[in-house]
Structure formats: structure tokens, C-alpha cells
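K.L.:
Which chain is which? The protein sequence lines are A and X, in order.
Under numbering that gives the first Met the number 0, the first residue of the first sequence carries the number 0, and numbering increases by one thereafter.
Under numbering that gives the first Met the number 0, the first residue of the second sequence carries the number 0, and numbering increases by one thereafter.
One or more of the hints may lead you astray.
Here are the computed lysine-lysine pairs in the DSSO-like style, where the Cα-Cα straight-line distance is at most 27 Å [unchecked claim]:
1) A:K46 <-> X:K82
2) A:K46 <-> X:K233
3) X:K89 <-> X:K163
4) X:K314 <-> X:K294
5) A:K150 <-> X:K314
6) X:K82 <-> A:K38
7) A:K13 <-> A:K86
8) A:K38 <-> X:K163
9) A:K91 <-> A:K13
10) X:K82 <-> X:K182
11) X:K207 <-> X:K70
12) X:K182 <-> X:K34
13) X:K114 <-> X:K270
14) X:K316 <-> A:K13
15) A:K46 <-> X:K169
16) A:K38 <-> X:K89
17) A:K38 <-> X:K316
18) A:K13 <-> X:K163
Footprint (simulated), chain X over chain A, 3 or more residues, beta carbon under 8 Å [claimed, not checked]:
19) 82-95
20) 122-134
In case anyone wonders, no lab produced these hints; they're calculated from the structure.
For each residue, glycine too, the CB sits at the ideal point set by N, CA and C.
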Amino acid sequence: MRFQNQLSLGRVYKWLWGLCILGLVFTGFGQLPIYARYKLSTLPGLKWSADFYFTHALHEVFAFLFIALAVYAIILWLFGGRPALSKAGILKLIILVGIFATGIVRVLKNFHDFYFSPDTLLVADLGHLALAVVFLVAIAITAALSSPWFKKEYREQ
Amino acid sequence: MSNISRRNFLKKAAASAGGIALAASAPRAVAASPKGAELATVLDIGRCIGCGACVEACRTINNFKFPKPKKPFPVMSPQDRVKVEDWSEKQNVDSRLTPYNWLFLQTVDVSYKGKDYLIHIPRRCMHCQNPPCANLCPFGAARKLENGITVIHPDICFGGAKCKAVCPWKIPQRQTGVGLYLKVMPRFAGNGVLFKCDRCFDRIEKGKLPACIEICPEQIQDIGPRDAMFEKAKAIAKEYDGFIYGDTENGGTNTFYVSPVPFEILDRALKEQAQPGPHLAPVENSMALSENLGKALLLAPLAGALAAGASIAGKLKNSQE
Ligand code: SF4
Ligand code: SF4
Ligand code: SF4
Numbered sequence: 000m001r002f003q004n005q006l007s008l009g010r011v012y013k014w015l016w017g018l019c020i021l022g023l024v025f026t027g028f029g030q031l032p033i034y035a036r037y038k039l040s041t042l043p044g045l046k047w048s049a050d051f052y053f054t055h056a057l058h059e060v061f062a063f064l065f066i067a068l069a070v071y072a073i074i075l076w077l078f079g080g081r082p083a084l085s086k087a088g089i090l091k092l093i094i095l096v097g098i099f100a101t102g103i104v105r106v107l108k109n110f111h112d113f114y115f116s117p118d119t120l121l122v123a124d125l126g127h128l129a130l131a132v133v134f135l136v137a138i139a140i141t142a143a144l145s146s147p148w149f150k151k152e153y154r155e156q
Numbered sequence: 000m001s002n003i004s005r006r007n008f009l010k011k012a013a014a015s016a017g018g019i020a021l022a023a024s025a026p027r028a029v030a031a032s033p034k035g036a037e038l039a040t041v042l043d044i045g046r047c048i049g050c051g052a053c054v055e056a057c058r059t060i061n062n063f064k065f066p067k068p069k070k071p072f073p074v075m076s077p078q079d080r081v082k083v084e085d086w087s088e089k090q091n092v093d094s095r096l097t098p099y100n101w102l103f104l105q106t107v108d109v110s111y112k113g114k115d116y117l118i119h120i121p122r123r124c125m126h127c128q129n130p131p132c133a134n135l136c137p138f139g140a141a142r143k144l145e146n147g148i149t150v151i152h153p154d155i156c157f158g159g160a161k162c163k164a165v166c167p168w169k170i171p172q173r174q175t176g177v178g179l180y181l182k183v184m185p186r187f188a189g190n191g192v193l194f195k196c197d198r199c200f201d202r203i204e205k206g207k208l209p210a211c212i213e214i215c216p217e218q219i220q221d222i223g224p225r226d227a228m229f230e231k232a233k234a235i236a237k238e239y240d241g242f243i244y245g246d247t248e249n250g251g252t253n254t255f256y257v258s259p260v261p262f263e264i265l266d267r268a269l270k271e272q273a274q275p276g277p278h279l280a281p282v283e284n285s286m287a288l289s290e291n292l293g294k295a296l297l298l299a300p301l302a303g304a305l306a307a308g309a310s311i312a313g314k315l316k317n318s319q320e
């Protein structure tokens with residue numbers, strides 16, 4: 000079995016993925032106390048952006064979508080000829096894995112019965128934020144250079 | 000617990016306590032926290048005489064931790080949205096929480112079942128079991144130690160006061176002009192450091208009692224493992240047919256106030272008698288939604304896998320046709 004091009008995830012998938020990244024970035028930066036300070040929350044309809052509990056919950060909703068979409072892509076990759084990742088693809092994947100791992104720690108620490116040492120959490124908290132910024136830079140560069148996720152020879156269309 | 004056994008207990012607690020120091024000697028990275036063994040305090044407010052010795056002791060013992068801001072403060076933008084909070088000229092204020100006063104007394108006049116009471120309530124951080132201040136701090140500055148104490152690391156805190164915004168009792172207090180933000184972009188991000196009761200974690204590490212507990216002439220406070228302290232709180236409550244606050248508040252805290260008067264009455268009196276600071280109203284678990292969504296995240300891979308399965312099945316069907 001071989002799908003048409005490198006990994007045919009479809010247009011809906013691309014939209015959902017874009018929406019998911021946008022949502023995670025917006026609600027993620029909302030965890031820093033900046034939307035109230037920089038008056039974003041004073042704009043009509045955006046009062047909620049300064050509500051930490053609300054943006055935190057939204058972040059977890061987008062994280063659900065993110066994990067589901069990632070698992071979807073991995074399974075389709077496994078059964079779809081396993082096209083080789085490009086260098087840009089590998090880089091983005093590594094960053095995403097880092098964001099995911101630190102994010103999981105941050106989810107678990109909110110559970111009543113989980114305990115992580117303060118230093119572990121310091122690394123997870125700062126790592127999550129730093130990797131998110133690195134990821135944004137990485138998407139900006141790969142978009143500017145229009146580098147695809149997969150090596151060119153696998154593109155059949 | 001007698002004083003002697005309490006001291007022994009604290010020595011043991013000290014040995015296992017995760018330090019606040021950044022370079023802490025690699026404490027256990029993750030542990031299923033034995034919540035019942037966390038340190039908790041009981042305050043029998045029916046017996047507090049309002050002498051204020053605890054407030055004074057807290058200020059004296061913790062004086063070396065208080066902020067020493069440099070002036071003039073850097074200008075912060077946008078000026079209409081970010082205000083300087085300066086308590087350094089008002090360090091003597093002891094009638095509310097400030098960066099220089101981590102414990103204060105509320106006093107209310109109340110009647111209950113035909114009896115009049117003058118109740119004094121020592122107020123400071125409740126040391127929540129699942130503290131939103133620490134969970135939601137973006138920088139890992141607000142933190143929970145393994146022994147159940149929550150602290151704010153003064154060298155990491157950026158002063159955004161998110162911990163205060165998410166605290167159900169609005170406990171942490173900000174001082175502008177100190178901390179890490181000064182070294183980064185003081186104009187555009189941060190605004191000092193937040194301060195609050197740290198349960199004298201440094202004294203506890205040395206096997207000593209928190210200053211406020213040690214000094215109290217009426218010995219109205221006790222500290223020890225949460226389970227034991229809760230038993231004690233229930234015993235005191237039973238003695239005078241009283242009430243407990245803090246056991247279930249915000250999903251459970253490591254502070255138990257015991258009062259002969261229901262807390263609804265005390266809470267109403269705090270408002271009516273214009274007492275500043277934290278309330279005594281019931282508090283839902285702030286982290287409940289986050290915990291539930293976190294558990295739902297475990298199902299996300301399944302959702303992705305099901306969607307992928309459906310998609311592959313669809314494609315196979317199409318290619319066969
Ligand atoms: S009372 Fe407020 S500051 Fe203290 S641990 Fe709870 S949330 Fe944090
Ligand atoms: S435990 Fe220590 S820091 Fe907290 S109120 Fe008592 S004396 Fe102050
Ligand atoms: S020292 Fe004891 S009796 Fe005096 S105000 Fe504090 S808690 Fe009450």
C-alpha cells in the first residue's frame with residue numbers, strides 16, 4: 000500500500016494542525032501574565048484571555064487535539080510507506096517531542112497525588128516555554144525556506 | 000504530640016525535606032507523595048488571645064528574607080497597566096499581609112448560640128496540598144517542597160503576581176524593585192518578587208519549630224504529620240462542639256483552623272467588620288478542572304488511533320473498489 004504523496008493527511012488535517020498550534024501558542028503564552036499587562040484582555044471579546052484558569056483549561060483542550068493529531072499522523076506514516084523525514088522535519092520532530100515530554104510533566108504535577116521535586120519542575124517549566132519559542136522560530140524558518148517535513152524524493156506528485 | 004516528640008518528628012522531617020536551594024543535592028525527582036505525612040498545622044483559634052507575639056516573631060525571625068529593593072525603580076511599560084508596589088517605606092505595617100509581614104491577626108466580634116465571642120484569627124498562607132500558586136507558576140519559582148510546604152523562590156520569581164491571582168485567598172504580596180526581572184528586561188517584563196509565609200522551612204530543616212508556633216504563649220498551634228494534625232483538629236473540635244476550616248478547602252490544605260463558632264459566621268463578620276485580607280468562605284478545588292482535563296489527555300492517543308484506523312480502512316476500501 001502506498002499513498003499518493005509523501006504523507007496524505009488531507010486538507011482538513013492541515014487546518015486542524017494549524018488551528019491546534021495557534022491555540023496552543025496563544026493559550027500557552029497566556030500562562031505568562033502578559034495579556035492583561037499589554038491590554039489584549041481589554042479588547043472586546045478577549046476578556047477571557049487574562050483568566051489563567053480558563054486559558055489553562057483551553058491549553059489542555061488544544062493539547063488533546065495535538066496528541067490525537069500526532070498519533071493519527073504517526074499511524075498513517077507507519078502504514079503509508081514510511082517516507083523519510085527531511086532534516087527540517089527531524090528538527091521539528093525533536094522539538095515537538097521535547098515540548099510533549101515537558102508538557103506531560105506539567106500535566107502530571109497538577110494531579111493531587113503526584114509530586115515532582117522543585118528542580119525537576121523548574122526544568123520542565125522553563126524547558127516547555129523555551130522549546131515552544133524555538134519551535135515557533137523553526138516553523139518560521141522552515142516556512143520561509145519552504146522546507147517540507149519529508150525528503151523530496153518521496154514526493155510523487 | 001508532646002513537644003519532645005514533635006521536635007523528633009521535625010528532625011526526621013528535616014532530613015527528608017527537599018531544600019529550596021537551586022543546587023539542592025539531587026532530591027528524589029518524583030515521588031508518590033505521602034500526603035498524610037506532609038507537615039500540617041492546627042490553630043485552635045478559640046484560645047488565641049490576640050497578643051500578636053506570633054506576628055512579631057515572624058517578622059523578626061524572617062527579617063533576613065525580606066526584600067531590599069534598589070531605588071529608583073526602573074520605569075515599567077505600559078505605565079497605566081503596571082503599577083509599582085512598594086512596601087519598603089511601610090515595613091512597620093503589621094495589620095495586613097505585605098512583603099514584610101507574612102502573618103497578621105484578624106479580629107471579629109461574634110455571637111453564636113446566645114454566647115458572645117471575640118475571635119482572633121492568625122492569617123497567612125494555607126500551604127495547600129495541591130497549590131495552584133505553584134502548579135500554575137510559569138517559571139517554577141513558586142514550588143511545593145516534599146514536606147508539603149509551599150515557598151516562592153526569591154531568585155527565580157519574576158513578579159508577575161500570577162500566584163496571587165490564582166490563590167483563592169490572595170496570599171502572596173509583591174515588592175517591586177527586587178529579583179530576576181531587574182536583570183532581564185525590567186521595562187517590559189516582570190515587576191519584583193512575591194513574598195509569603197514559607198512555614199519557616201529553613202528552621203524546620205534544622206529541626207526547629209516555626210517561629211510563630213514556638214513563641215505563642217497559649218500554645219494554640221501545633222505542627223506535625225497531616226494525619227496526626229487532622230486527628231488533633233477533630234479532637235479539639237469535638238471538645239467544644241466546634242468547626243474546622245482548611246481540611247477540604249481548595250481540595251485540602253495543610254492548615255486546620257478550629258473554631259467554636261461556625262466559619263460562615265466568622266466570614267460574614269470579617270466583611271461586616273471590615274477586616275482586611277483573606278476570607279474564611281468555602282473554597283472549591285481550584286485544580287479540579289485541570290486534573291480532569293489532564294486525565295482526559297490520556298484518551299487523546301486513543302482518539303488519534305481510532306481516527307487513523309478509520310482513515311486507513313477508508314483508503315483500503317477505496318483502493319479495492
Ligand atoms: S494559600 Fe495561596 S499562596 Fe498559599 S499555598 Fe494555597 S494557593 Fe499558594
Ligand atoms: S510559619 Fe514562619 S513564615 Fe509562616 S507565619 Fe509562622 S513564623 Fe511566619
Ligand atoms: S502568639 Fe498565640 S495567642 Fe498570641 S496572637 Fe499569636 S496565635 Fe494568638
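K.L.:
Can you give the numbers of the hints that this structure goes against, from lowest to highest?
P.N.:
As far as the earlier hints go, 2, 4, 11, 12, 16, 17, 18 and 19 are violated by this structure, in ascending order.
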